[in-house]
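Could you build all of it, start to finish, from the sequences and the hints given here?
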Amino acid sequence: MSDKLTLPAQQGSSTASAETLLKVEGLTKHFPIYGGFPIKRRVGAVQAVDDVDLTVGAGESVGLVGESGCGKSTTGRLITRLLEPTAGKIEYAGQDISHASRRQLASVRSEIQMIFQDPYSSLNPRQTVGTIIKSPMEVNGINPAGGRDKRVRELLELVGLNPEHFNRFPHEFSGGQRQRIGVARALALNPKLIVADEPVSALDVSIQAQVVNLLQKVQQELGIAFLFIAHDLAVVRHFSKRVAVMYLGRVVEVGDRDSIYARPRHPYTHALLSAVPEVSMVDEPEERERIRLAGDVPSPIMPPSGCRFRTRCWKAQDKCASEVPPLVRIDGNRDGHLTACHFPEEPTIAAREEDIVLDPALAALEGPDKG
Amino acid sequence: MLQFLVRRLIGAVVIMFLIGAFTFFLFYTIPQDFAELSCGKNCSPENIAVIRENLGLDKPITAQFWEFMTGIVAGRDFAQGHCSAPCLGMSFDSGEFVWDSIMDRFPLTLSLTVGGLVIFLILGLGSGLLAAWKRGTAADKLVSGASIVLSSFQIYFLGPIVLGILVYQSGIMENPSYKPFTENPVTWAIGLLIPWLVMATIFTAQYTRMSRSTMIEQLQEEHVRTARAKGMKQRYVFFRYAWRGSLIPIVTILGMDLSALLSGAVVTEFTFDLAGIGRLAVDSSLTKDLPVTMGVMLFGAFFILLLNILVDLAYAYIDPRVRLS
Amino acid sequence: MSTLTKTEGETAPTGPESFLSVSDLRVRFSTEDGIVKAVDGLSFDVARGRTLGIVGESGSGKSVTNLTVLGLHNPKNTTVEGEIVLDGKELVTATEKEMEKLRGNKVAMIFQDPLTALSPYYTVGRQIAEPFMKHTGASKKEARARAIEMLTKVGIPQPKSRVDDYPHQFSGGMRQRAMIAMALVCDPDLLIADEPTTALDVTVQAQILDLLKDLQQEFGSAIVFITHDLGVISEMADDLLVMYAGRAVERGSTAEVLRRPRHPYTWGLLSSMPRLGGSIDQALTPIPGTPPSLLNPPSGCPFHPRCAFTGEVPGDRCSTERPPLGEGRAAACHLTAEQKQTFFIDKIQPRLR
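So the sequence lines, in the order shown, correspond to chains A, B and C. Following the numbering used here, the numbering of the first sequence begins with 2 at its first residue and continues without gaps. Following the numbering used here, the numbering of the second sequence begins with 1162 at its first residue and continues without gaps. Following the numbering used here, the numbering of the third sequence begins with 86 at its first residue and continues without gaps.
A couple of the hints might just be wrong.
[To be verified] Here are some, though not all, of the chain A residues that point toward chain C, as calculated from beta-carbon distances under 7 Å:
#, residue
1, E68
2, D205
3, A235
4, V280
5, P299
6, D356
7, D360
[Claimed, not checked] Here are the simulated EDC-like pairs of lysine to aspartate or glutamate, each with C-alpha atoms no more than 20 Å apart in a straight line:
#, chain 1, residue 1, chain 2, residue 2
8, B, K1394, C, E181
9, C, K298, A, E288
10, C, K298, A, E290
11, C, K298, A, E355
12, C, K298, A, E367
13, B, K1394, C, E183
No wet-lab data here; the hints were simulated from the structure. Beta carbons: idealized from backbone N, C-alpha and C, even for Gly.
Below, the structure is given as C-alpha cells:
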C-alpha cells in the first residue's frame, strides 16, 4: 500500500504562487449542543469542520465546493476569524491567528475581507452607500491620499457603479448592484485575501455573470487572493485555479482545476460532478458518467466513522468504517492533487458501462437491467 | 413531554420562591413600623410591643421570612389560632388569615373571568374569522372598523354609561352583584351580566383584530396554498390549515390575559363596585397591609406561572414541531 | 453547420392534441405602486406525456402563469384575460367549485420549498391521503395504504412508519419526494413543477430530476417545468419556452432553443452561464443592465434596453413595435431570420465553446 502513496511535499506546490498567504492546518470547529435533564449540559456537538488542511497562495484563487452542511461556510468564517476554531491552526502571512484577540487581529482584519451571499441583508439599510464603503476605512483609521470620499468614488467606479450614487441607500439598487457595493466595501482596505461566501448564488443568471466577471477582474488586476466558496460547481470551475471539495466537514479532494473536474479520484467528487445538470451545446454531446446517490447528506452531529462518505458510497468496505482515509497524493495524480479515499476511482468522468444508481426508487423504476 | 413538564414545574416552584423572597424583603425595607400601623391611634408602647410579638415582628427578618415560607407549605400558628396550609399569613388590619380573605373574594374573580372569557372568545374569534374569510368586503370593513373603535374604549368609560342606561334610567337591570353560582346559576349570571358584557366588549375588539390579522397572515402561507392546490375546499383549508397556525399567537395572548384577569380585574371591580381579588390588592396596598398584598401577589404569580405552563402544553398540542423536539 | 437549415421543420405541438393550451394570457395585479403586468400576452401548448420547460429569471412571470392555470391567484387584486383550456375545458371562467375538482386531481403542482409548502401541523401521510380521499372518495384506510404505496414509489425508506412522520422529521430531499408523492397520488394528467429542485443540493437534485422523469414514464403525465436553471431544463424538457418580462420571447424544442437559439435574450442567458464543459479561458458575457420593472415595462420589445443588436434593426422598431412570436419554433425579435442565424454563428457561438 505504501508504495502507492506519496506524501504531499507542500499542498499546492505545483501552482504558480510561490508565496503562501494563508495556511490552514487541522482546522476544526465543533458547535456544542446542550440538553439533558434536569441540568442542561453538553450532550454533543455539530462537527461542522473537522481537520481541514488548506492553503491559499498570494494572489491565488481557490475554490471551496460542497453541498449544504459540508462546512464550507464555517471554514470561511473561521478563516476570517468571525468564528474561533475549536482546534487547528490558521496561519496568515506567517502569523498564527487561530486564537488571536480582537486587538491582535486588527492589522490582519483589514487584509482579509469577506463578501457575503445575501446582498440584501449584509448592507445596513439606514446607511448611504458612501458611508457603508467608507466605514471600514474609518474603523481602521486609514486616510488614503485625496481623502476617503475620493477613494469611495474610485471604488464605486472600479466595481462598475456610478460614483454619483455615493449618497444613495442600498434599497435603491438592484441585487447585482448591491453585491457590487459589497465588493467595493471589501476592497476599501486594499485586502490581500477575500473570502467570498456564495457571492453570486442569490442573483439571477444574467446578473451572476456580471458579478463573477467583476470578481475575476478584481482578482487578476489587483492580485488579490480569493477563497471562493460556492455550491455551484460550474461557477467555481470558472473562477478558481485550485479547488477543494468538502463533504461533511472534511476536505475529500483538492487539486488544480483540471484534476478535480476532469480527473477526479474521490467517489464523492465523481458523484457531485455527475449530478450537475449540463446544457449541451452540441447535438451529440459526450456521454458523462451517471451516478445517483441514495438519500441526503447525513447529520454532522453523528457523522459516520472512518470515511464520512462511506454510507453513501458504492465502493465502501470495512476499512472505510474503521480508518479515516488520509488526504494524500494517489499514484497517477498530479502534484498537489490530493484525495482522501481508500478505494479511489479511475481519473475520468466519461460514461461507465453501467450507471451507478443507488437511489432505491430510481433503481426500482428503471428496472433491474439498468439499475 | 413528561420530562418537560417536570422541569417546568420545578422551575415554577423556584420562581414562586424567588417572587416571595423578593416581595418580602422589598416590603421590609419600607421605613414603617407595622405594629404601630396595626395598632391604630392612641396606642400605648405596651400595646405595640404585644402586637409586635403577636405578629412575629420582633424576630429577625430572615426568621420571619422562614416562618412565612414554611407557613405556605405546612401551616402556621398565631395567637388567634392555627392557620392551615397554604398559610399566607395574617392581615395586620383585620386579623383575618390572608388565604381566607383571598378565597372569599376568588369566586367573584373567577366568575368574572369565566363569563367574560366565554363571551369574548366566541364573539372575538368569530368576528375575526369572519372578517378574514370575507377580507376586503363590506362585512370585513365593518368588523375591522368597529373593533378599532371599541378597543379604544375603556371599562371605566363604557361601564358607567351602560349602568346609567340599563340600571339607573330604564331600570331593566339591577346593579351588578355577586350571587354564588352554587346557589342559583340564573341569579349568578344575571347579577354579573353587565360587567361581563362591558369587559367582553373591549376584549372582543382586541381578539377580533388579532384573529383577523393572524388568519390573513396564515392564509398567505405556502402550505395553505399547497392545500388549495390539492383541491381541498376553501372552508376546509381555512379551518384545518390556516386556523391551526393562527392558534399559536392567539393562545399566547389568551394565556397572558387570563392570568391577568384571574389575579384580579381591578378596573372592572371598581367600576361595578364588586369585591374581588383586584379590590383586595388595592385596598391592602393602600393600608400597607403587607401580608395581604404579598398573598395577592403570590396568588397572581401562581396563575401567571400556571398559565405559562398550560400555554406551553397547548403549543405542544398544536404544533408537532414543539412536541417532537 | 448544415444542421441549421432543417430547424424550421420542428414545431412545438399545437392544436387539438395539446392537453393544456394557453392563449394570449394576460395577468395583471393591482398594487399600491400601480398595475403590474405580470404576464402579457402569453401563449403555449403542452401535449400529453410531454414536458414543457419554462425558463426565465425572477419577475419573468413564469410562476404567476402557472398559479393562474390552477386558479390560485388572488382574485381580489388580479385580473386574468385570455384563454386557458385544459383537456377541452376553459379555466379562466371556471367556477371555484369546478377548479377544486381539477386541482390535485387532473392537475397537480410541486412547489419550490417543500419545507414551507408542506403543512407543519399534519403528518406526511395525512397530507398525501387528503386529496386522494377527496377526489376518489376512498376511505381513510384505503387512502393511507395509497399514501404508503406512493411513499414507496418515490423512494422513502420504511414508508410504513414514515407515513406518520411530520414534514420537519424529513430531510430536504425526502420532503420533496413526499411532495411529489402528494402531487401524483391521484394520477394527474398534468403536473406543474415550479422550481422543484432549486432548494435542494446538487446530488439530491439529480435524484429528484431523474425520479420525476422516471415517474412521468410510468404515469404518462404532461409536465410543465418552471426553472431559472438552463442546465436543469435541458435535462428535463422536451420543449422550451423562454420568458422575459411577462412574455414568451422564444419557443421550440429544447435541443433547438439551446443549441441554435434565435433570440438575443437566449443568447445572453447562454453566454452568461458558466458550464462544466465550457472553455475556462472564455470570459462570461453578461447581459448588461437589470431585468425591467413590470410596473412600467419598456415599450416595443421589452428586451431592447439590454439588447446589443438593436442597431441591426432599421429605424426604432425595437423600442416602438412589439415583435410577435410566431407559431411553432419561433423567436419574438425584429432581426430577420438570416440575421438571427448569422449573428448566432458569428458572434455568439464562439463564446459558447
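Taking the hints in turn, this is what the structure says about them:
| no. | hint | verdict |
| --- | --- | --- |
| 1 | E68 | 4 Å, holds |
| 2 | D205 | 4 Å, holds |
| 3 | A235 | 4 Å, holds |
| 4 | V280 | 5 Å, holds |
| 5 | P299 | 9 Å, violated |
| 6 | D356 | 10 Å, violated |
| 7 | D360 | 5 Å, holds |
| 8 | K1394/B - E181/C | 9 Å, holds |
| 9 | K298/C - E288/A | 18 Å, holds |
| 10 | K298/C - E290/A | 18 Å, holds |
| 11 | K298/C - E355/A | 19 Å, holds |
| 12 | K298/C - E367/A | 10 Å, holds |
| 13 | K1394/B - E183/C | 11 Å, holds |
This entry does not satisfy hints 5 and 6, going by the numbered hints stated previously.
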